[in-house]
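Position chain B relative to chain A; hints supplied.
So the sequences go chain by chain: A and B. Using this note's numbering, read the first sequence as starting at 1 and increasing by one per residue. Using this note's numbering, read the second sequence as starting at 1 and increasing by one per residue.
By construction, these hints were calculated from the structure, which means they are not laboratory data. Predicted model only: the values in this text are computed from it and were never measured. All the pointers check out, no bait thrown in.
Covered stretches of chain B, as calculated for chain A (at least 3 residues, CB under 8 Å): (1) 52-63; (2) 79-88.
Pairwise CB distance ranges, derived in the manner of DEER restraints: (3) A:T208 with B:P89: 51 to 61 Å; (4) B:W3 with A:D69: 31 to 41 Å; (5) B:M77 with A:P295: 28 to 38 Å.
Here a beta-carbon is modelled for each residue, glycine too, at the ideal position from N, C-alpha and C.
So the chains spell out like this:
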Amino acid sequence: MTSISSILIVGAGQAAAVAASALRDHGYSGRITVVGNEAHAPYERPPLSKSVLAAVDIPEPAIAVKAPDFFHSQQVDLRLGVEVSALDASARQAVLSDGTRLGYDRCLLATGGTARALPAFPASSPAVHYLRTLDDARALRARLRPGQHIAVVGGGFLGLEIASTALGLGVDVSIVETAPRVLARVVPPIFSAWMQERIAQYGAKLYTGQAIADVQLPDDAGQPAILGLTDGTRIQAAAVVVAIGLAPSTQLAGGAGLRVDVSNGGITVDAHCRSSDPYIYAAGDCTSQTRADTPLPLRLESWQNANEQARIAACAMLGQDAEPAAYPWFWTDQFDCNIQMLGLPRPDLDYIVRGSLDSSSDSPRFIMLGLHDGKPYQALAVNAGGDLRALRPLLERALPIEAAQFADESMTVRAYAKAVQALAATPG
Amino acid sequence: MNWIKIASVDQIAADESLAIEVQGKQLALHQCDDELFITDNVCTHQYALLSDGFLEDGCIECPLHQAKFDLRTGQAMCAPATVGVQTYPVKTEGQDIFVAL
Chain A
1 MTSISSILIV GAGQAAAVAA SALRDHGYSG RITVVGNEAH APYERPPLSK SVLAAVDIPE
61 PAIAVKAPDF FHSQQVDLRL GVEVSALDAS ARQAVLSDGT RLGYDRCLLA TGGTARALPA
121 FPASSPAVHY LRTLDDARAL RARLRPGQHI AVVGGGFLGL EIASTALGLG VDVSIVETAP
181 RVLARVVPPI FSAWMQERIA QYGAKLYTGQ AIADVQLPDD AGQPAILGLT DGTRIQAAAV
241 VVAIGLAPST QLAGGAGLRV DVSNGGITVD AHCRSSDPYI YAAGDCTSQT RADTPLPLRL
301 ESWQNANEQA RIAACAMLGQ DAEPAAYPWF WTDQFDCNIQ MLGLPRPDLD YIVRGSLDSS
361 SDSPRFIMLG LHDGKPYQAL AVNAGGDLRA LRPLLERALP IEAAQFADES MTVRAYAKAV
421 QALAATPG
Chain B
1 MNWIKIASVD QIAADESLAI EVQGKQLALH QCDDELFITD NVCTHQYALL SDGFLEDGCI
61 ECPLHQAKFD LRTGQAMCAP ATVGVQTYPV KTEGQDIFVA L
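Bound conformation, chain A alone (with noise of 0.2 Å):
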């Protein structure tokens, strides 16, 4: 077996942190170091458009993702606020934005992305508002008072989070999206549809099925954009938060010839989250990877990927085996609700409730099951996060469920999770 002494990490989000972590839990004694753009050591993001940016007149709460002297007492080299230019893969050098060069045995990349950008919508812009960083939930949530109007363009998760946040903070807002529902991409039309009955309790303006056809932006921050829609609506608001996804960043991994998926954009990484190049490594929101259950490779952006991967490729780089990924999992926190999703979105499913899909109760609680052929593949719940853990056996094992069993709130969902396996167990 080789032995590895230096290890590079490219990037200083969660994946990397995570993955740091990994190699020295597993036994790594060698060289860490982690290259960093943003000037924070690694945090986490979720809270960015939660309770980062409504954190208005209240401290800012604290989102390391490691202690303090973690990185210290691992002795895992930070280096802060440097960019890696290039990757000279065949020298298994990295040429850094200082000059400098670092070799490595083995490097990952952990790149994560960039909000996607609207050619309408500059950054540069007084009034424009993209949210990725830490920095950037500052700036938004200097311009969030109460009164004020904003518009979010995108009814993806970030983007209502962001709003459910602002509305919080007695912003007003109005949610553009061009999709003819809300999460069109991520759950079935019953779920949009409660969703958009929740969002219209909580006072915002939703448009759907529009898109922007001319932007006014102002020269500076005190006087409002002007959003006019498709069908000629217009909005007048003192920002604009444009939240329509996530661009991988792989241009170090474009340069350095390693395979990048055509249509998801990630690096191509196998199982074990090998690159094309068998030196590099990726992990979290920069990667595209072919998962047990699906047939076409996915990037996957959750908090949860990040770590998994991370832990898979540090294992994987110190030749060791590691724990398969788990089953996909996912939650947002949003106007009052914890709503979290089991699996992957896909087109085939037929969705089974239990619970009501109340929109207006102050806690509403119900789960989705969505199946195939009588097998649940996707689940949903909502402020039911413990009885969906409960469930989750029950998708990863593809077992069949009888509709009105599960529907059936005489037997607590726990119960009746048991009930199914024990009947799996059973012979004949």
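This is chain B only, laid out in the frame that chain A set:
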């Protein structure tokens, strides 16, 4: 030790957690692998009740973001939690379950 009765054994099923309020404290009583444990009920990561969570392998998993805590020591076992929960001594006498605060 100041033992306070909080529940009876028939109130808690196997692999279940129960929310209990004692002297203004929000606690969770857990029965995992035939053993009883008591922890604070509020997750240290974000406001969520561990009694709504999931018990497995000697840990309680928070229902909001799946932070795991060791039932015996209260230690935070995985992200996103970094701070452990407080645990309390528990004893059973006959049908009654007691916590020591």
